[in-house]
Amino acid sequence: MGITGRKIYFIKKDFQFRFILRFVITTTVWGAATVSLFTVMAGKRLEEFLYSPHINIKTTAELLMPSAIHAHIISLLFFTALLIYAIRSLWKRLGGPLYSLKKDITRMTSGDLVSGVALRGDEEFQDLASDLDRMRSALRDRFARLKEREDELSAAVSTLDRAVLKGSPSADHLSAVREATAKMKQELKQFMY
Amino acid sequence: METFSTQRRFGLYLFASTLIIVLLGAALGGAGVFALFPANLGEGYVDVLSTVQGMERTLLERVAGIYAVMSIFIIGAVMLLHLFYSHRIAGPVYRLGRESEAIGQGRLTGTLRFRRKDSLTDLGDSLNQAATRYRVRVETIKERLSLIDRQVDAAATLMQQEGKAPALEQTAGEMKTILKNVNAVLSEVRT
Numbered sequence: 005m006g007i008t009g010r011k012i013y014f015i016k017k018d019f020q021f022r023f024i025l026r027f028v029i030t031t032t033v034w035g036a037a038t039v040s041l042f043t044v045m046a047g048k049r050l051e052e053f054l055y056s057p058h059i060n061i062k063t064t065a066e067l068l069m070p071s072a073i074h075a076h077i078i079s080l081l082f083f084t085a086l087l088i089y090a091i092r093s094l095w096k097r098l099g100g101p102l103y104s105l106k107k108d109i110t111r112m113t114s115g116d117l118v119s120g121v122a123l124r125g126d127e128e129f130q131d132l133a134s135d136l137d138r139m140r141s142a143l144r145d146r147f148a149r150l151k152e153r154e155d156e157l158s159a160a161v162s163t164l165d166r167a168v169l170k171g172s173p174s175a176d177h178l179s180a181v182r183e184a185t186a187k188m189k190q191e192l193k194q195f196m197y
Numbered sequence: 019m020e021t022f023s024t025q026r027r028f029g030l031y032l033f034a035s036t037l038i039i040v041l042l043g044a045a046l047g048g049a050g051v052f053a054l055f056p057a058n059l060g061e062g063y064v065d066v067l068s069t070v071q072g073m074e075r076t077l078l079e080r081v082a083g084i085y086a087v088m089s090i091f092i093i094g095a096v097m098l099l100h101l102f103y104s105h106r107i108a109g110p111v112y113r114l115g116r117e118s119e120a121i122g123q124g125r126l127t128g129t130l131r132f133r134r135k136d137s138l139t140d141l142g143d144s145l146n147q148a149a150t151r152y153r154v155r156v157e158t159i160k161e162r163l164s165l166i167d168r169q170v171d172a173a174a175t176l177m178q179q180e181g182k183a184p185a186l187e188q189t190a191g192e193m194k195t196i197l198k199n200v201n202a203v204l205s206e207v208r209t
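Heads up: the sequence lines are chains P and X, in that order.
Residue numbers for the first sequence follow this note's numbering, so the first one is 5 and each next one is one higher.
Residue numbers for the second sequence follow this note's numbering, so the first one is 19 and each next one is one higher.
What the hints contain is simulated information worked out from the structure, not anything from laboratory work.
Hints may be right or wrong, so weigh each one.
Straight-line distance between alpha carbons at most 35 Å, and here's what the computed DSBU-like set of lysine-lysine pairs gives [claimed, not checked]:
| # | chain 1 | residue 1 | chain 2 | residue 2 |
| --- | --- | --- | --- | --- |
| 1 | X | Lys160 | P | Lys151 |
| 2 | X | Lys135 | P | Lys151 |
| 3 | X | Lys182 | P | Lys106 |
| 4 | P | Lys48 | X | Lys182 |
| 5 | P | Lys96 | X | Lys160 |
| 6 | P | Lys187 | X | Lys198 |
| 7 | P | Lys96 | X | Lys198 |
| 8 | P | Lys107 | X | Lys182 |
| 9 | X | Lys135 | P | Lys48 |
| 10 | P | Lys187 | X | Lys135 |
| 11 | P | Lys96 | X | Lys135 |
| 12 | P | Lys170 | X | Lys135 |
| 13 | P | Lys106 | P | Lys96 |
| 14 | P | Lys17 | X | Lys135 |
| 15 | P | Lys189 | X | Lys194 |
| 16 | X | Lys135 | P | Lys107 |
| 17 | P | Lys170 | X | Lys198 |
FRET-style restraints, in silico, Cβ to Cβ [said to hold, decoys possible]:
| # | chain 1 | residue 1 | chain 2 | residue 2 | range |
| --- | --- | --- | --- | --- | --- |
| 18 | X | Gly94 | P | Arg22 | 35 to 43 Å |
| 19 | P | Gln130 | X | Arg131 | 20 to 28 Å |
| 20 | P | Arg92 | X | Ile90 | 42 to 50 Å |
Covered, in the sense of this in silico footprint (three residues per stretch, anywhere, with C-beta under 8 Å from a C-beta of chain X), are these stretches of chain P [stated by the list, open to error]:
| # | stretch |
| --- | --- |
| 21 | 15 to 27 |
| 22 | 32 to 42 |
| 23 | 84 to 90 |
| 24 | 181 to 192 |
Note that beta-carbon positions come from the ideal geometry of N, C-alpha and C, so glycine has one too.
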């Protein structure tokens with residue numbers, strides 16, 4: 005299912021900015037938490053070491069590695085929880101409006117072109133909702149015109165039918181039907197497939 | 019919770035790839051911190067104490083410094099990664115918008131296709147169904163109008179002949195029946 009002409013990656017700037025920002029904030033919080041935890045834990049370790057009566061450590065790794073490992077494990081667990089929350093909340097934020105739009109499309113498919121397509125003000129995909137509403141509105145106009153033409157054709161056919169029953173059909177009656185049919189066909193030419 | 023169609027495991031890949039970036043960043047950040055301090059604490063009690071006191075004084079600034087630098091790379095990588103992931107949703111949304119514009123202009127092809135890794139394929143299918151359904155309605159009306167044209171031609175021929183009144187009545191009746199079908203199709207659409 006290949007398509008061409010879609011190579012711009014930053015295509016829906018607002019949406020993508022909010023999408024990315026969520027994870028940038030999560031990562032920044034993790035970074036700050038790691039620095040704070042590591043500084044506190046390593047600081048305590050150094051403090052304990054300085055007041056320790058026995059000094060049996062030779063390297064920095066021996067001195068700070070336990071603090072580093074603990075700080076990183078705790079901060080990564082925190083980050084994992086934060087990331088799961090960020091993804092779940094993102095899914096929830098995207099799922100609602102998309103479900104609503106899908107229902108709107110299904111409604112339009114069944115023939116309802118009266119009810120508008122709209123999302124709540126704070127929901128994502130407002131642009132798509134507007135596009136779909138414009139589609140609904142344009143289709144409604146086209147079908148409203150078709151119905152008008154159908155009324156005209158219906159009137160012409162009824163007139164012909166009455167004339168036939170009275171025994172006085174004329175070429176004018178047939179021309180009226182032909183003209184009404186042609187107008188309706190012209191309206192249908194607006195559709196392409 | 020309402021869901022939307024994505025490539026299978028989209029969320030899992032998003033989670034795993036973000037976590038991998040941060041894990042790599044954490045490992046590099048940790049290594050960087052150790053690289054900033056002397057590997058050995060020194061020989062003798064005074065040397066060791068002096069080194070550790072020095073470490074204690076500069077701990078916060080060095081750790082914060084190294085993680086600030088690492089964070090720039092991690093955040094850069096996270097931004098790039100999520101730009102690609104967000105595009106798998108934003109791309110289809112963009113195409114859905116363009117397709118709905120095309121349908122509004124009367125192009126009822128119903129041939130919207132997404133890339134293999136794209137999300138929102140269910141919305142694409144729904145839009146294709148909408149286009150197809152309206153196309154079928156338009157085709158049905160066109161067919162019925164062609165039938166009316168044929169009936170008009172038949173009526174014109176009958177009018178030129180003597181004693182064809184019953185046949186003419188039948189032709190007019192058929193036109194009305196066909197028109198009822200057209201009306202039925204148009205009545206499905208609420209405007």
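Tested hints:
About 14 Å separates the Cα atoms of lysine 160(X) and lysine 151(P), which keeps this hinted pair within 35 Å; it holds. With a C-alpha separation of about 42 Å, the suggested pairing of lysine 135(X) with lysine 151(P) is violated against the 35 Å cut-off. Restraint check for lysine 182(X) and lysine 106(P): not satisfied, since their Cα atoms lie roughly 55 Å apart, outside the 35 Å limit. Between lysine 48(P) and lysine 182(X) the CA atoms are separated by roughly 112 Å; this puts the pair beyond 35 Å, and the hint is violated.
Distance hint between lysine 96(P) and lysine 160(X) is unfulfilled; the C-alpha atoms sit about 44 Å from each other, more than 35 Å. Proposed proximity of lysine 187(P) and lysine 198(X) is supported: the alpha carbons are some 18 Å apart, at most 35 Å. Distance hint between lysine 96(P) and lysine 198(X) is unfulfilled; the C-alpha atoms sit about 47 Å from each other, more than 35 Å. Our distance criterion of 35 Å between C-alpha atoms is broken by lysine 107(P) and lysine 182(X), whose separation comes to about 54 Å.
Annotation: proposed proximity of lysine 135(X) to lysine 48(P) is violated, straight-line Cα distance about 49 Å (limit 35 Å). Taken as a hint, the lysine 187(P) and lysine 135(X) pair is broken in the structure, with Cα atoms around 46 Å apart against an allowance of 35 Å. About 21 Å separates the Cα atoms of lysine 96(P) and lysine 135(X), which keeps this hinted pair within 35 Å; it holds. The hinted pair formed by lysine 170(P) and lysine 135(X) fails the criterion: a straight-line CA distance of about 68 Å is larger than 35 Å.
A threshold of 35 Å between alpha carbons decides the hint, and for lysine 106(P) with lysine 96(P) the separation of about 15 Å falls inside it, so the pair holds. For a cut-off of 35 Å, the pair hint linking lysine 17(P) to lysine 135(X) stands: about 20 Å separates their Cα positions. Of the pairs offered as hints, the one joining lysine 189(P) and lysine 194(X) holds, with about 17 Å between alpha carbons and a cut-off of 35 Å not exceeded. Only pairs whose Cα atoms come within 35 Å are accepted, and lysine 135(X) paired with lysine 107(P) is accepted, the gap being roughly 24 Å.
Proximity of lysine 170(P) to lysine 198(X) is assessed by CA-CA distance (about 22 Å); at most 35 Å being required, the pair is judged to hold. For the pair glycine 94(X) and arginine 22(P), the supplied restraint of 35 to 43 Å is violated, since their beta-carbon distance comes to about 18 Å. Distance hint check: the CB atoms of glutamine 130(P) and arginine 131(X) are about 25 Å apart, consistent with the given range 20 to 28 Å. A hinted range of 42 to 50 Å for the beta carbons of arginine 92(P) and isoleucine 90(X) is inconsistent with their spacing of about 28 Å.
Chain X is given as covering the stretch 15 to 27 of chain P, and this holds because 7 residues of the stretch bring a CB closer than 8 Å to a CB of that chain, at least three being needed. Only when three residues or more bring their CB closer than 8 Å to a CB of chain X does the claim for the stretch 32 to 42 of chain P stand; here the count is 6, and the claim holds. Counting residues of the stretch 84 to 90 of chain P whose beta carbon lies closer than 8 Å to any beta carbon of chain X gives 3, which meets the minimum of three for the stated coverage. For the stretch 181 to 192 of chain P, the stated coverage by chain X is satisfied: 6 residues place a CB nearer than 8 Å to a CB of that chain, which reaches the threshold of 3.
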